[in-house]
Amino acid sequence: MTRTTAEPFTLTCPIPLMDYPRVLMAHGSGGRMMQQLIEKMFYRAFDNPELLSGHDGVTLDTGGIEAGRVVFTTDSYVIRPLFFPGGDIGSLAVFGTVNDLAMCGAKPRYLSAGFILEEGLDMETLWRVVCSMRQAADRAEVKIVTGDTKVVEKGKGDGLYINTAGIGEMIHAVHLHPRSVKPGDKVIVSGDVGRHGMAVMAQREGLSFESDLASDAAPLNHCVMTLLDAGLDIHCLRDITRGGLAAVLCEIAQSAAVQIDIDQQQIPINDTVSGACELLGLNPLYVACEGRFVAFVAPAAVEQVLEIITSFDQGKPVSIGEVTAGEAGLVTMKTIIGGQRILDMPSGELLPRIC
Amino acid sequence: MKYLDEYRNAEAAKQYLAAIAQITTRSWAIMEVCGGQTHSIVKYGISDLLPKAIRLIHGPGCPVCVTPVEMVNKAIAIARQPGVIFCSFGDMLRVPGSDCDLLSLKGEGADIRIVYSPLDAVNIAADNPQRQIVFFAVGFETTAPANALAIHQAATRDIHNFSALVSHVLVPPAIEAIMTSPDTQVQGFLAAGHVCTVMGLTQYIPLAEKYRVPIVVTGFEPVDVLQGIYMCVRQLEENRHEVENQYTRSATVGGNRHAQQLVNSVFQISERKWRGMGEIPASGLSLADDYATFDAERRFDVANVSTAESAECISGLVLQGIRTPLECPAFGATCTPEHPLGATMVSGEGACAAYYHYRRKAPSASLNNKEPHTP
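Protein chains in written order, with full-length UniProt numbering: chain A, 1 to 355; chain B, 1 to 375.
No incorrect hints appear here.
Derived Cβ-Cβ restraints for the label pairs, each shown as a range:
(1) A/212 <-> B/82: 38 to 48 Å
(2) B/252 <-> A/76: 48 to 58 Å
(3) B/14 <-> A/313: 28 to 38 Å
(4) B/210 <-> A/184: 53 to 63 Å
(5) B/80 <-> A/233: 54 to 64 Å
(6) A/226 <-> B/252: 50 to 60 Å
(7) A/212 <-> B/55: 44 to 54 Å
(8) A/324 <-> B/26: 29 to 39 Å
(9) B/156 <-> A/278: 26 to 36 Å
Calculated lysine-lysine pairs in the DSS-like style (CA-CA distance at most 27 Å, straight line):
(10) A/156 <-> A/40
(11) A/316 <-> A/186
(12) A/154 <-> B/106
(13) A/182 <-> A/334
(14) A/186 <-> A/334
(15) B/106 <-> A/156
(16) A/334 <-> B/14
(17) B/14 <-> B/52
(18) A/143 <-> A/40
(19) A/316 <-> A/182
(20) A/40 <-> A/150
(21) B/52 <-> A/334
Some chain B residues close to chain A (C-beta under 10 Å, calculated; not the full set):
(22) 8
(23) 90
(24) 91
The hints are simulated quantities; they were obtained by calculation from the structure and are not laboratory data.
Note that CB positions come from ideal geometry on N, CA and C, so glycine has one too.
Let's have the full structure, built from the sequences with the hints guiding it.
Okay, structure coming up:
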């Protein structure tokens, strides 16, 4: 396949001249129009030799990857609204998959991007998302090297869905896994929780409340790589996404068959998030993040882990509790007034309370 | 956060706990009426910190718990009808009706929307003149003014495709029903601060006198609840039975007169069925005659939908503190939070749901405080 444009790509580039101002069913039909969409939009934005090889898949130069230690992951993104303060579906699709790779201890290298477009979607909107993905990929230092496009009939989709898959390479001989978590480990959260979920909720139709909240969406791989480069005694990392901090703690307690005791007083929560949650009757510990993670580390490593995370300026990390032998699967929390209670797995959608 | 953090202060909480321990000389059973208070008690682990002699009984003040299953069935019947946009507060969506809940009906394609203010539902009606918009008007005196305002606005703006499915309940008749029950164990009440912010304190004075029971109007933060318990225990220990106000930063003797006038013009007092407690005379609100055209029960002909509650369920007794959930044969067997038979298992704020999670998750006696997520 040949390149259709010679100009260098910048993020202020205007939308490429397209034959149609809106996505049509034909843009997913595999014909010329789809070809044009791929060449004019995706190739131009993601521009790299691997992608431009133009095959259904891509053969990657795996030189340097330790034999059998390649990490591969995928995730789909169906967020509404498509754009929100601090991010959009595109940056989320890149960071989400990058973060999944990073949590395994891998250095993210390559992503795929699958687009499911709804007939009638503005090309302008799609271009904004694509540009944002490119920007996010640059920030995370990954390449988007292969992809797929489908168009569904109007009314059958929510504008735009994205799937990304990612490959990362293990450059450190570490085994970060919930089963490596053991009693005595300290629990560190990398920054304030709940910001992404509340920033998105603030934008949703019918839920508008005035706020200056921006999503915490960010790539975590650089921070994680620095932690691993330092050779610290880290047993498990998990990014906080849907279900919030509570879901991460419950999942790890279950898979590691340990008890986790945390201190409510220590959990960092932004004032606006806290206020918005109060107003809506939600618990910030169950609200999503997109740029935060929990680290389970040996006590001796705590200080250095906190120091390194702090140096990335993506949030103020705090040690919120520890792992005990106690009862397998149980998460308890010392409340701010000194009581103790169970922190349970969230179930279903977060629904605001009446009173 | 001003007006919240000071009421979540660990030092203040410790001082009240010490003060309660100091004045308590015998066992007392105190009911916190409101679900918001129950939520706080569970969320902050308050019961564990109190002297063993103080028993808290979780009262019927959770609108999600006490809305009768037939009302949920009516909501489902209306939401199923083509052309209807059914609007509700979020946490009513998960309350099970006889064969499904509103959330799963939404998944099947019914147009069910979560609103934060009933006025949003009126605006949806104005924007969709060809559709029928129905708002699920539930709650206590707290939500009644905003719901009344929505109906009043629909009337003044001539928005006739709006109607309300009304299932409003009132606190004082519930207190009366609990006190007239021959087996009641409740010796003092923490009344709901928000309800009194709207309605004032005067309705409670005759109740305190008639049943010789202290009633302390109490807020919802942990220090509020502890101070309310302290004031209630002090009255009990001193053999007093008065209406006292802990929630002075919001509730006044007269309440909010504008809100009361609005509620009185749009609604009228009527008999209501309470989940777990049955029919209580003059215990709820229905639409006044002038606003009868906005009554969704009439508009959609669901007035006759009726559903019997489970004969097995003892939630009425649990709500009054007469029995504990563990004494119910259905508990954990045919009755679980996923398939609740009665009020106290429906919401995470209910006593049965709290017991269920405690028994299932943590055999340690110090960990019986599991926070309900939502509601």
